[in-house]
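Asker: Below, each chain spelled out in residue letters.
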Amino acid sequence: MNTRSTHTATAELTLNRHCPLVTCGQKIERGERIATASDPGMGDIHAPFPGSVEHVDPYRIRIAREGGETVDPAILHDLGGQELLARLRELGADLPAREQVDILILNGVDEEPGLLSRRTLLAEKLETLRTGASALVRGYKPAEVTLAVPGGVKESLPDIAVKVVSDQYPQGLDPLVAKAVTGQEAPDNTLVVGLETVFHAGMVMETGLPVMETMVTVDNSARLISLGSPVGEILTSDGLTIHDGDRIVLGGVLRGTAAASPSQGVDRATTAVSLIRNPTPVAMDAACVGCGECVRRCPARLDPAMITSYAEFGQYEKAEAEAVDVCFECGLCGFFCIARRPMLQYIRLAKHELAKAKAQSGEETQP
Amino acid sequence: MKPLNPFALTVSVPPHRHCGTTVRDRMLTILVAMLPAAVMASMTFGMPAIRVMALSMATAVLAEMACDYFMDRETDVNDFHAFTVGLSFAFLLPASAPWWLVAFGSAASIVLGKMAFGPLGGSPFCAPLVGWAICRISWPSFMDIDASMLGMDLTYPLAQLKNFGLDAVQITDTRQLFLGKQLGGLGAIQIAGVLLGGMLLVMRKHVSSIIPVGVIGGVALTAFLFNWIDPSMYASPAFHLLTGSTLFGAFFLATDGPSSPNRQIPMLLFGLLVGALIVIIRIYGIYPDGVPFAILLANLFTPALERIRPKPFGRR
Ligand code: SF4
Ligand code: SF4
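Sequence lines, in order, name chains B and G.
Going by the numbering used here, the residue at position 231 of the first sequence is 231; the numbering climbs one at a time, nothing skipped.
Going by the numbering used here, the residue at position 234 of the second sequence is 234; the numbering climbs one at a time, nothing skipped.
The shape of chain B in the complex, shown without the other chains (with noise of 0.2 Å):
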C-alpha cells in the first residue's frame, strides 16, 4: 500500500453524533454529504474525494479513493441572517445554534500551547478569514464583532476590533477569551467562535463547496490537511515511526483524544495531530487523596475533587449542585492530581449524564 503520497487512498470521518446517509459500496463524489448532524450546531460531513464506501459504522464512515466528480458549488451570496447560517452548517460548518448574538468573538488565540493552527491561519489565510467573519457577521447579525489574538500578531480583519489577549494558558479557551474582551464572565448573548470555524466557513463562501480540509498542526508547523486523512499516515509521512504503547493525540495534550486506530481521520475539531511517546503517567482508577492541587488550579474555580468524586459514584445531580456544567474542560485538575485520577473524564461523564437525563425528562430548554 502506497500511503506516503500527499493524498491518501482512503479517509476515515469520524462521526460525532451524525447520522450516516450513505451505504457500503456505496459511490461517491467529492463533496457529497455522507452524514447528516443531528446536534442543532454542529455541521454535516462530506466526502473529502470521490470514491467508494467501504465501511459504515455509528462511529465512522471510511472512503477508499477512486475517480470521479466533485459536486456542484452552491449559490451562497444572496443569502443571510439564520437561512445562511443553516445552509453553512450543511455544508460542513460547525456554527452554533444561537437566537441572538450582541457579541461575537472570533478567537484566535491558540487553545493550548505547542499548537500553531490558529497563528498559521492568521499568517496565511487572511483572505478567506476575512470572507468567513463577513459570512458569520451576515450570519449571526452581532452589534459587534471582535477578533481576539495573542500578543505578537499583527494581522486584523477590517471593521473588527482586535483584542490581544495572553497566551497563557487557558487564557485562550473560549469563556476566558469571552472574559478578556467583554470583561464579564459568562457575558450574556455573547458567542466565541475559533479561528478554524471561521476559515471553514471561508473556504465554504470563496468556493460554495463543502468543508473538505481544516489547518491542523503537526510536530512544528502547521499545514491544511484533508479531513478524513489518517492521522497514522498524517504522521508517518511526517518521518515519525509509531512504536507499540505509543499514543496519537488529536487537539492538545491536556484536552485532546487519544486516537483509537492510527487509520481514525482528522476531523474539523482537529487543531493538532501529535504523537507522544514519554511514559507520563496515565491516569488510573484511583480514589481522591485529597490533596487539593485541584482545588487551588481550577480556573473557573470549581472542586474538581468533589465533582469528580460524586461522578465516580454516579451522583451527578451532586455534581451538578457543585456547578460541573462551569466546568470549561481546561483539563489542569487532571493534570495537577497527584492521584492521577480520570479528572476530566468523569466530569465530562456527569455532564453527558446530566444532559441524558433532561433531554430524557424532556425538559430540554431550547439552546
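These are computed hints drawn from the structure, not numbers from a lab.
None of these values were measured; they are calculated from a predicted model.
The calculated label-pair distances, taken between Cβ atoms and stated as ranges, are:
(1) G:D25 - B:G114: 20 to 26 Å
(2) B:Y59 - G:R204: 41 to 47 Å
(3) B:Q168 - G:L35: 34 to 40 Å
(4) G:A304 - B:E353: 26 to 32 Å
(5) B:P40 - G:A66: 54 to 60 Å
(6) G:L221 - B:P40: 57 to 63 Å
(7) G:A8 - B:H352: 26 to 32 Å
(8) G:T10 - B:L224: 24 to 30 Å
(9) G:P124 - B:C19: 46 to 52 Å
(10) G:L300 - B:K356: 35 to 41 Å
(11) B:R277 - G:A66: 36 to 42 Å
(12) G:A8 - B:C19: 29 to 35 Å
Here are the simulated SDA-like pairs of lysine to any residue, each with C-alpha atoms no more than 20 Å apart in a straight line:
(13) B:K27 - B:V71
(14) G:K311 - B:D325
(15) G:K311 - B:E329
(16) B:K179 - G:P310
(17) B:K356 - B:D325
(18) G:K311 - B:D188
(19) G:K311 - B:E185
(20) B:K318 - G:K311
(21) B:K125 - B:L157
(22) B:K163 - B:A180
(23) B:K351 - G:F313
(24) G:K205 - B:R297
(25) G:K205 - B:R340
(26) B:K179 - G:K311
(27) B:K318 - G:R307
(28) G:K181 - G:P48
(29) G:K162 - G:I283
(30) B:K358 - B:E320
(31) G:K205 - B:R296
(32) B:K318 - G:P310
(33) G:K311 - B:A180
(34) B:K141 - B:G81
(35) B:K27 - B:T10
(36) B:K318 - G:I308
(37) B:K318 - G:P303
(38) G:K181 - G:P36
(39) B:K351 - B:Y310
(40) G:K162 - G:D230
Ideal Cβ positions, reconstructed from N, Cα and C, are used throughout, including at glycine.
Dock chain G with the ligands against chain B, hints included.
Answerer: For chain G with the ligands alone, coordinates are given in the frame of chain B:
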C-alpha cells in the same frame, strides 16, 4: 500472517501529559524532608530514638497491610504514606517510649486515623495525631516527656513553663532551642532540621506555604498578645515557636491534605486557628505542648472553613 496492526496504540483519556508529581513522590519528598530532623534526633538521643522511629514506621506499614488484607483490598503501602504516618508519630514521642506504646500508637494511627475512613484521602483527621491522642490520654505517664526523660540532662522547657512559670525555664538561649537542645517529641524539637525540611516541602511545592505561614502567624500573634499583657508571666512568641512541636506541626501535620482545607482563604484561617489554639492550650490547658490537640481541633473546623468559597466562574 502479517498482523493487521503492527503496533498497538495506547488509548487514554486526557490529559496526555501530567505534571509528574504522584502520591508516591509526595510521600517520598515528605520522608526526605523529615530526614534532617531524624538525623539530629539520632545524634541527640542516640539509639533509643532510632529504635522508636524504626519500630513506629514498621508497625505503621504492617498495620496498613493487615487492614488491607482484612478489608480485602489491594494494598497501597508502596505509596509510602504509612511510612510518613509512622515517622510523624515517632517524631512526637519521647525517645524513651516503651516498645508497646510505640507499636500501639503507630498501629492506632493507621487503623483509626486512616484505614477506618477508607483509603488515603478519606480521613478527617491528621492520622499520626489520632494515635498520639489515644496514647496521651491512655498512658499519660509514659507519654509525659518530662517524667520519662529523667536520665537526660536536657530540660523540657514547655513543662517548666506549665508547672513552674516563665522564670523556671532554664533554656533561654534561642540558639540552643534552635539546635534541638531541649526535650520534647524526639524529632519535633529538632527545630533546625524541621525548618530545613519544611522549606524543602514548600520550595518543591509539595505543600502550599499558606498553612505554615498561618500557623506561625497565629502562634506569633496570640503569643505576642499575651506577652504584651504581662511579659513576666507569658512567654515570648519566639519561645512558643521554637519549643515543642510548633514548627513540626506547622509544616508537616497541619498541612496534611485531606484534613485541612483546600482553598487559600480557608487555609489561612485554618493555619491561624491552629496557631491561636496552640498558644491557648499551652497557657490554659493541662498539656504542656498544645500542638497535637490544636491541630485535631482545627481539623474539626475544616468542613466549616471549606464553606468559604468563591462563586463558580460566571455565576452571579
Ligand atoms: S477541567 Fe478541571 S480545572 Fe479545568 S475548569 Fe474544569 S474542573 Fe476546573
Ligand atoms: S488533585 Fe486529585 S487527589 Fe488531589 S484533591 Fe484533586 S482529585 Fe483529589
